[in-house]
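Below, each chain spelled out in residue letters.
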Amino acid sequence: MNLLLSDPFALSQEYPENLTHTLNYGHSTCIKFNRKGDYLASGLIDGTVVVFDFETYGIARVLRGHTRSVQSLSWSRDGRYLLSSSRDWKCILWDLKDGSREKTVRFESAIWGAELHPFNHQIFIAALLDDSPTLVDFSDNTIRKHLLSSAPLQKDDEEEEEEGFQDGDVRERKQDKQSTLVATFTRSGQYIFAGTSKGWLNVIDSETLQTVRSEKLTTSNIKHICFSISGKQTIRLYHTPDLTYVDPVDWDIDIVHRFQDVVNRLHSNGDYDAHDIYIWETTVGSLIVDVQWDPNRTLVAATGLDHGTIYVWATVTPQRWSALAPDFVEVEENVEYEEREDEFDIIPDAVANKRKLDQEDDDEVDVVTIERVRGEFSEESFVIPVILDEDDETFDSSDSD
Amino acid sequence: MDKMDLDGPVESSGETTDSELPAHYGDSLHDISAPKSSVNGIQVVVATERTDLPKYVLQFVLEGHRAGVTNVKFSADGRWIATSSADKTIKIWHADNGEYESTIEGHGRGINDIAWSPDSNVLASASDDKTVRIWNVMSGRVLRTLRGHTNYAYSVDFNPKGNLIASGSFDESIKIWDVKKGVCLRTLPAHSDPVSAVHFTRDGTMIVSCSHDGQIRLWDTSTGQCLKTLIEDSNSPVSCVRFSPNGKYLLSGSLDSAVRLWDYLKGRCVKTYQGHRNEKFICVPTFSITRGVWVVSGSEDGRIFFWDVQTKEVVQVLDGHKDVVLAVDAHPTKNLLVSAGLDGVVKIWIER
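Keeping their order, the protein sequence lines are chains A and B.
Residue 437, in the numbering used here, is where the first sequence stops; the numbers in between run on with no holes.
Residue 853, in the numbering used here, is where the second sequence stops; the numbers in between run on with no holes.
All the given hints hold, so there is nothing to weed out.
The list that follows gives simulated cross-link-like pairs (lysine-lysine, PhoX-like), each with its CA atoms no further than 20 Å apart:
hint, chain 1, residue 1, chain 2, residue 2
1, A, K392, B, K767
2, B, K589, B, K631
3, A, K126, A, K139
4, B, K823, B, K781
5, B, K682, A, K133
6, A, K252, A, K234
Just a few of them, taken from the derived set where beta-carbon distance is under 7 Å, the chain B residues facing chain A:
hint, residue
7, L644
8, N664
9, K729
10, T730
11, P746
No lab work stands behind these hints: they were computed from the structure.
Virtual Cβ for every residue (Gly too), placed ideally from N, Cα, C.
The following block holds chain A by itself, in its conformation from the complex (with noise of 0.2 Å):
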């Protein structure tokens, strides 16, 4: 509700500039905000997940379970389950509400990365390093994985040649012997996209689990998937530094845009938001590794790789010296101050005030109606319940100015 007293123009400045706050709590790789943007979860490098509330920067809960580094984080819609997966080949989905484990999955080989159906925090997608990804789901209180295939969708007009075979020999497909690096729900939660090593993207019904079509973007690795708001972008990080901003219109999936890192050609994550991609550079000499923007103001969150501090920074509004008088209004000009009729009149404060109160008669005023102010995240988010009996541990979070 302050957005309605909020100065629109200050408002509207697009770009966070200065570095408002330093979190300190052991070493972090892996960092995402929730939906609504008030908690941001962060995975240690010693398999610890810590929940960090925005509105306080300080720690909302810490959840112990992973023996080895986070991998990726991943939220439910309403922010109440964390699906978090790791180096030991678990993934846990964590309930907030009390810190308790909800389900625990294992599996036979590591994983790049696990991630959340958008609707339904009991499905999940998991990318896996031997492995067929993975679509596991737990709704009925069992367990079941369904592996889904790696190779990509065979066009009758498509070419594929190999390198040359001889005669005798079992002619090896390229394609077979690719695997998915990374696997994420579209918006939607209908398809998943899936990147290989090869390049290819592959899109699978998440119902029926087929391939419904695939496409080579690259030759390289996919490395990294990353949906628009709007569902209609998306972003793709590849091995060598390339990035690709694609615009899936009716399935015909075009390359729109390339980018290319020339000056760095290091590791390097690059978030998407409006029409602009940030390549962040490293900042201290250590790289960058996971940047995130907040979902629903101008606020970006940043963990580097040498020392794990996460680095937040905002857009800093300066004080409206017009608020702190009535009636004082700012004005981008000097304005001739013309008086009205009655302005130094006499009046009896008696009829001054009657006459103030009789125009008080004329206005409607309604208390209860809740009305929606545009530009709030009005859905219902899960609030962490905050837990005051327990030990605190020693944490150290700081204002940078």
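We have chain A already, so just place chain B on it with the hints.
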């Protein structure tokens, strides 16, 4: 600690019926400059033609505090009543039958204000000993002691999420505290006179505060910046302010015997409710929205006034307290009202 259980609906002798009062008070109602008459001399017009008037009657009387009761609040789930008092204790009572539950002690001096957390498990209290304490209601243990104010802590409120507390103090500042860590996140240099009340909006993004300098200010919770200032021409001290249930209006009680409804986007007062007397003490006004939409406030003559929000008419007057009624609160879902005052007695009123 005892209560007098009165069987069934009690026709309290003080419930003013419509017939007794003189008909027309007319000009004097609007005449602020007229000298205030004594308790018996105040005449009030009660709207008689309507059929939807509130008909609250006394249900329970809760006694036990040894000094004046400064504030009374229903819990968010509607099961409990908490009362704070100048005798340095907080007492918890059942809301449905008025039974005494427990006493919470620990403050060094009298307590000025209490606030329930949204999950109704935790209570915050502000006291003259300059601290704000957070208590576990069931066990009565103190969970956090928030130190930092340099003068009496006068008012306290939880934000709707339960992770922040705002407190206003006689040292003219507002402090925003992190509940979990128990540290002060921000100090707002709010006013130039003691801050008498603080309240969060229902989404927690803004805080409203008022002070003895006559100003009402709106603050942004996340940045701590002032968003708006409202002031009434008479500059009289504002004793209490709170948001309306939908967060679009402010209800303020000031020491010129008027309760005002402000539209803060327009920046002006849209309704004024008068008829009671409030010149020295903080009489907390509140909304009652469970059946009709009323504005309720206590008065220094021991009575409780109900006004219709739209028409500003006095729709009911309850009598029964022997001294200033300092606080009233309305139940979130049922037609219950609880009132308390300097006489140390808490009364629950019900409308069936």
